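Asker: In case you want the letters, here they are:
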Amino acid sequence: MASSPIAETHPANTAHHHPSLQHQFDTLEQQKESSTLGMWIFLVTEIMFFGGLFLAYVVYRSTYPQAFAAASHTLNVLMGGINTAVLIGSSLTMALAIWAAQVNWRKGIVLFLLLTIALGSTFLVVKAFEYREKFEHHHVPGPNFEFDGPQPEHAEIYFSLYFIMTGLHATHMVIGIAILGVLAWFAYKGKYDSSYYNPLEVTGLYWHFVDIVWIFLFPLLYLLGAHLHGAAH
Amino acid sequence: MRSTFPLFPQSASTYSGEVDRLFVSWSVISAFFTILIAGLILYFMARYRRRHPEEVGESERAAMWLEIGWSVIPLLIMLAMFAWGLRVFVNIYRPPADAVEYTAIGRQWMWKVQHPSGQREINTLHIPVGQPIKLTLSSEDVIHSFFIPAFRVKQDAVPGRYTSMWFSAIKPGVYHLFCAEYCGTEHSRMIGSVIAMEPRDYESWLAGGTAGKSMAASGADLFQSLACVTCHRAGASARLARGPALEGLYGNQEKLADGRTVIADDNYIRESILNPTAKIVAGWDPVMPTFQGQVSEEQLTQLIAYIRTLGPAGSAPAGGTGGPNAGATDAAGGQVDANTPQTAGPATPEKK
Amino acid sequence: MDTTAVARSPITTTPETAFERPNYLNAAYGMRSWLLTRDHKRIAILYLISVTVFFALGGLMAALVRLELLTPEGDMMQPDTYNRVFTMHGIVMVFFFLIPAIPAVLGNFLVPLMIGAKDLAMPRLNLASWYVYNIGGAFTLWAIAHGGVDTGWTFYTPFSTHYSNTYVISTALGVFINGFSSIFTGLNFIVTIHRMRAPGLSWFRLPLFIWSHYATSLVIILGTPVIAITLLLVAAEKLLHLGIFDPRVGGDPILFQHLFWFYSHPAVYIMILPAMGVISELVAAFARKKIFGYRFVAFASVGIAVLGFLVWGHHMFVAGQSAYAATIFSVLSMLVAVPSAIKVFNWTATLYEGSISYQTPMLYALGFIGLFTIGGLTGVMLATLGIDVHVHDTYFIVAHFHYVMVGGTIMAYLGGLHYWWPKISGRLYPGFLSKLSALLVFVGFNLTFFPQFILGYLGMPRRYWSYPPEFQVLNVLSTAGASILGVGYLLPLCYFIWSMRYGKRSGDNPWGAIGLEWDTTSPPPTENFYTLPVVTHGPYEYNREEVHNRMTEEVSLG
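Residue numbers (this note's numbering), protein chains in the order written: chain A, 1 to 233; chain B, 1001 to 1352; chain C, 2001 to 2558.
Hint data in this document are derived by calculation from the structure and do not stem from the laboratory. Keep in mind that the hints are not guaranteed to be accurate.
Unchecked claim - Some chain C residues well away from chain A (every beta-carbon gap over 10 Å; in silico):
| no. | residue |
| --- | --- |
| 1 | P2072 |
| 2 | V2191 |
| 3 | F2262 |
| 4 | A2337 |
| 5 | L2433 |
| 6 | L2493 |
| 7 | E2527 |
Unchecked claim - Partner residues are not named here, just some residues of chain B that face chain C (Cβ under 8 Å, in silico):
| no. | residue |
| --- | --- |
| 8 | V1028 |
| 9 | S1030 |
| 10 | S1071 |
| 11 | F1082 |
| 12 | E1186 |
What the hints assert, rightly or not - Only pairs whose alpha carbons sit at most 20 Å apart, straight line, appear in this in silico EDC-like list of lysine to aspartate or glutamate:
| no. | chain 1 | residue 1 | chain 2 | residue 2 |
| --- | --- | --- | --- | --- |
| 13 | C | K2238 | B | D1141 |
| 14 | B | K1134 | B | E1198 |
| 15 | C | K2238 | B | E1140 |
| 16 | A | K189 | A | E201 |
| 17 | A | K134 | A | D148 |
| 18 | B | K1279 | A | D148 |
| 19 | A | K191 | A | E29 |
| 20 | B | K1134 | B | D1265 |
| 21 | B | K1171 | B | D1020 |
Since the model is a prediction, treat every value here as computed from it, not as a measurement. C-beta: ideal position from N, C-alpha, C; glycine also.
Pulled out of the complex, with its shape left as it was, chain A reads as follows (with noise of 0.2 Å):
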C-alpha cells in the first residue's frame, strides 16, 4: 500500500529504509515517540477504568467497614502474597526482555517473553484455585451466596467488587498474555533487534501497568480483613 505514484514523489520517503517504518511517519524516533505516547494515554483511560471501581470499593468500604473486613478475611493471604511475587517476578522478566533486545540477544527477547508469560498463566492458575474456593464456600453473588458474617448482603457487595475488580484485572493479563505470544513470535522471527524493539517497550509498559493495579489490589481486598480484625480486638 506504501506505493502509490505520490508516495514516491514526497520527499521524506527517501528516509523509507527502515522496513517496520510505518508510510505515515518521517523517522523512526518519530514511531517510536508516537507509540509510546499513545501508550501512555492509554494507560490513563485504563487508570480512570479502574479508578471508577475503586472509588464504588471506597464507598462501600467505608459504609460498611465490619462487612467488608469480614468478607475480607475469608480470602487466602497466601494465595493473594505468592501471586504478588509472581506478577513481580513478571515485571522483572518482561524488563530484561526488552534489556535483551538492547543488547541484540535475540534468542534472550524469546526466553524472557516466554517466561513472563509462563509467570502470567501462574498467576492466572492460582487465581483460578480462588475462585473455586470462593464457588465452594458459595462466596459467588447471586442467588446462592451464603456468608456466616455480620450484614451477608453488605459482604455479597464486597464480593460483588471483589470478582469484579479481579475479573476485569485477570482479563487484562489474558490479554497481555496473548500480546506477549504475539511479540515473542515476532522475536523468534527476528523481528526485534537493538534498532527496533519499541512493541516491546510499549508492551511492557501495559505490562507493568497491569502488576501495578494487582499491587493496588492486593493490600484493598486482602489484607484489609488483617488490619481491621486486629484494630477490633
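On the provided structure of chain A, position chains B and C as indicated by the hints.
Answerer: Relative to the frame of chain A, chains B and C by itself:
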C-alpha cells in the same frame, strides 16, 4: 379552573413568587444577551458584507480590555444570580420549625401519602392553606420524584433512604402532582392532585375521612407487636434492656462502637431497623435481628414517627413535647404526640 | 499510470482536470479497498455513512415521539412502546451520532490535513475504531430489533438493573463497546497533534479546529473509561444479580448517578467542543478575517474541557445530595459558562470589519451562534439552584439540551459538511437548496424547541407519554416545528448524494479560504500533500500579500 392555554404556571406556595422573580430576571438577562448577539451579527452581516470576490477582512485589532470585559461582566452577573439562586434554594431546602410532618411513599406507579393524623391517600394530598408541610419521601422500588409545579418544588424519592421537601400553600386550589423521575411503563400516569384547603375545610375533610390512628400511634402499636420494647427499655426495667433506650434519641448524637458519631435522624433510625449491625451504639452488642422484609416502608415511617415522639430517658413517652433534648426537629412531632401516645402508646399491648 | 508530472504542479489545476489527478477516492476501487483502508479520509467517509444511518434512525424515533405527543391522551402507541422509542432516540443520538459525528467524520478527515501530516499516527487503530463503533452499534440495533430498552438513555438504577425487563444488557454493552471507538479516536488525535505537526506549525499556529479537537480528545480520554466501567457494572448487576446499585441490599443508586454523570456531563463537551472548532473555521473563512482573540478562544476550549469535569453534580440537585454539594456544583457550573461566553463574543467580534460572504456554511455558522447562545444562557439558568428545583426533569431541560446539541452540534456538523464538502468530494452542491435547508433547519428548530421552554416552566415533566390537556397547544407547535426540521435535514442528504455524481466540479479551493487543508488538491491525494508543507504563519492571516491572489477563486454556488 385552569386556563386551557396557559403560558405561565400558577403560583401557589410561599416561595413560588420568589422563584418566579428569579426566573423572570434571568429570562430578561438571557433575552438581552441573545438580542445583543443576534443584533450585532445581523448588523455586521449587512455592514460588512463582501462587495467583491477578492476582498478580505481588516486585520484583527486585538483588544485586551474587550476580552477581559466580556469575561468578567458575565461572570459577575452569574455570581450575583448564583447568590440569589442559593438564597432561594436554602429557603426551599430548609423547612421552617413549625412544619408538620407528612410522608409520601412512591411505588410503581402511585404515591401513597399519609397525614400525621393517620389519614391515608393515594395520588392525592389534601393540605391546609398557610400551614408549612414537611413531606418525607421514600420509595418502595425505583426512584420517583414528587413534583408540584404550582409550588415550584420537586424532590426525588429514593429507595433505601429518606429525602424531604417542604412547602406551604398560599391559596386554596387543586394543583398538579407529577412524578418527575422516569419510573417505567406508567410514569406519565403517576400523577395526581394536591388539594389546598382553608384550614377549617381541611379539618372537616379530615373528620369526614376514615382516619385510623395517628402515625405515631400506629408506630407505637408496631413497637409493641414487633417486640422492640423487650430490648429497648428505659426507666425502671432498663436493667433488662439489651439495646439502647430510644427515649430522647431523635435528633441527638450517638456514639458508635467504632468511635464514630452519628446524628440520629430518619435515615439513621431506618438503617438501624433494617441493618442493625451496620452502626452499633457504643456499649451494646450486635444482637438485634434485622427487620428487613418484616416492616413495610409505611410501617417504617410510622415507627420513626413514634420514636420521634419519645422524650428524654426516664420520662414517660408522652412527655416528649419540647423536652430539653428534643431539638428543633421535634417541633413537628410535638404536635402529633400532644394527643396521641398517651392514649395509644401504653394501651396497645393486648391489641395483637 | 505515470502521474508524476501532474503531481508536481499542484493547486493551479483547473476544475476540469481535477478528477484526472490521483486522489484518495480514485486511488483504488472496490469494497475491499474501502473496508481495509487505513487512509484517514476514507475512514472518515465510512464514519459519515455509519453516522448518517444512526442519525436517520434516531430522527425516526424523534418523529414518533413528536407524533405521539400531538394529543394529550397516549393514543398512538402503548406507553411501553413510547418509553422504548424515546430511550432509543436518546441512546442512538447521544452515543452513536452526537459523540462521534464531528470528531469521527470531520475530525478524522481534517486533523491530518490541517497539521500537514500524511495520516493520523495510528491508521490501523483508526480503522479499528470504525469497526468497534459498528460492533457497538450492532449490539444496540440488535436490542432495538428485539424490542428495545425502556430505561431512558441515563440507565438510572435500580430501574435499569432490577425493574426493567427489556434489553438493558445488550444496549449497555453496545454503548460500552462504542466507548472504545471514542477512546481510539481521541487517543489517535492527541498523539497525532503532538507528534505529527508539519515543520513550523507551533501550537499557536494551529487552527482552532485542532485546538478544540485536542480538548475534546482530553475529555474523551478521561471520561469515557468511567462510563465504560459504570455500564459494565450495570450489565454485570443485571446479569449476575449483584447488588452494587441495589438499595435493597445496601447498594447506592445515587453512586450510579455520580459515576454516570461524571462522564455524561463532560460528554456534552465532547459534543459541543468540536462544533465550536468548526464554527471558528467557518467564521474565519467567510469573514476572511483572523479570529478575534485567537488565544482566548483556544484556551477557552481547554478551559471548558477541564471545568467540564467538575460540574456533574448539577444533574442531581433534587436527587438528595447535600446542600453543600449542590452549592459547589452550582457555582462551578456558572464558571464553565465563562469560556463559552468568551467564544460567542469573539466570534461575533470577528465579523466586525470582516468581508462577510453569505455562503451556505456561513448561514449554518451564524445560526449556530444564535442557538448556542440561547442554549448556553438557559444552561446557566438551570445551574441556578432555586430555578433548577422547579424545572429539573421537565421540558425546560429537554429544550435546553436540544438547543445545545441540535441547535449547536448538528448546525455545526451540517455547516462543516457544507464547508468541506468540496474538499471531501471535489464537488459543489446546489446553492439555493442548501440555503433553503439552512433556513428550514433554523426555523423548524426554533419552532420545535422554543415552546418546550414554556412547557417546562409550566411543569410538564419529560418522558411523559400522556399529559394534561392544557399543554396541548404548545406540543402541537413543537410537533409542527419538528416536521419542518425533518425536511431541513432530508434536503442535504438528497443533494449531497446527488452532488457526488452530478455536482459541479469545485476546484481546489472554492471559498478562497486559507489553512493547510486548502493548500492541497480537492479531493486530496492519499498522502495528502505533494510537497511537505512548511508553516511560517498563523492559520487565519488573510491580509498577507501572497494570500490575496487566491481570493478570486471563490465560486458561486448558483
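Asker: Each of the hints needs a verdict: does it hold here or not?
Answerer: Taking the hints in turn, this is what the structure says about them:
1. Distance to chain A confirms C:P2072 as a non-interface residue, since its nearest Cβ pair spans about 42 Å, more than 10 Å.
2. For C:V2191, the requirement that its beta carbon stay farther than 10 Å from each beta carbon of chain A is not met, with the minimum near 5 Å.
3. Not every C-beta of chain A lies more than 10 Å from that of C:F2262, the closest at about 8 Å, which undercuts listing it as non-interface.
4. The claim that C:A2337 is not at the interface with chain A holds, since no C-beta of that chain comes within 10 Å of its own (minimum 25 Å).
5. No Cβ of chain A approaches the Cβ of C:L2433 within 10 Å, the least distance being about 35 Å, so the stated non-interface status holds.
6. Non-interface status of C:L2493 relative to chain A is upheld: no Cβ of that chain comes within 10 Å, the nearest being about 32 Å off.
7. At roughly 5 Å, the least C-beta separation between C:E2527 and chain A is not larger than 10 Å, which violates its mark as non-interface.
8. Interface hint status for B:V1028: violated, as the beta-carbon distance to the closest one in chain C is roughly 11 Å, over 8 Å.
9. Below 8 Å, beta-carbon pairs count as interface contacts, and B:S1030 has one with chain C at about 4 Å; its hint therefore holds.
10. For B:S1071, the interface hint holds, since its Cβ comes within 8 Å of a Cβ in chain C; the closest pair sits about 6 Å apart.
11. Given the 8 Å rule on beta carbons, the hint for B:F1082 holds: about 5 Å separates it from the nearest Cβ of chain C.
12. Taken as an interface hint, B:E1186 checks out: its beta carbon lies about 6 Å from the nearest beta carbon of chain C, inside 8 Å.
13. At roughly 15 Å between alpha-carbon atoms, C:K2238 and B:D1141 fall within 20 Å of each other, so this suggested pair holds.
14. Between the alpha carbons of B:K1134 and B:E1198 the distance comes to roughly 18 Å, so the proposed pair stays at or under 20 Å and holds.
15. Pair hint C:K2238 plus B:E1140 holds up; C-alpha atoms about 19 Å apart against a cutoff of 20 Å.
16. Our distance criterion of 20 Å between C-alpha atoms is met by A:K189 and A:E201, whose separation comes to about 18 Å.
17. Pair hint A:K134 plus A:D148 holds up; C-alpha atoms about 14 Å apart against a cutoff of 20 Å.
18. Of the supplied pair hints, the one linking B:K1279 and A:D148 holds, its CA atoms being roughly 18 Å apart against a limit of 20 Å.
19. Note on A:K191 and A:E29: the hinted pairing holds, with a Cα-Cα distance of about 17 Å set against a maximum of 20 Å.
20. Between B:K1134 and B:D1265 the CA atoms are separated by roughly 15 Å; this keeps the pair inside 20 Å, and the hint holds.
21. Restraint check: the Cα-Cα separation between B:K1171 and B:D1020 comes to about 16 Å, which is no more than 20 Å; the hinted pair holds.
The structure is inconsistent with the numbered hints 2, 3, 7 and 8, although it conforms to all the rest.
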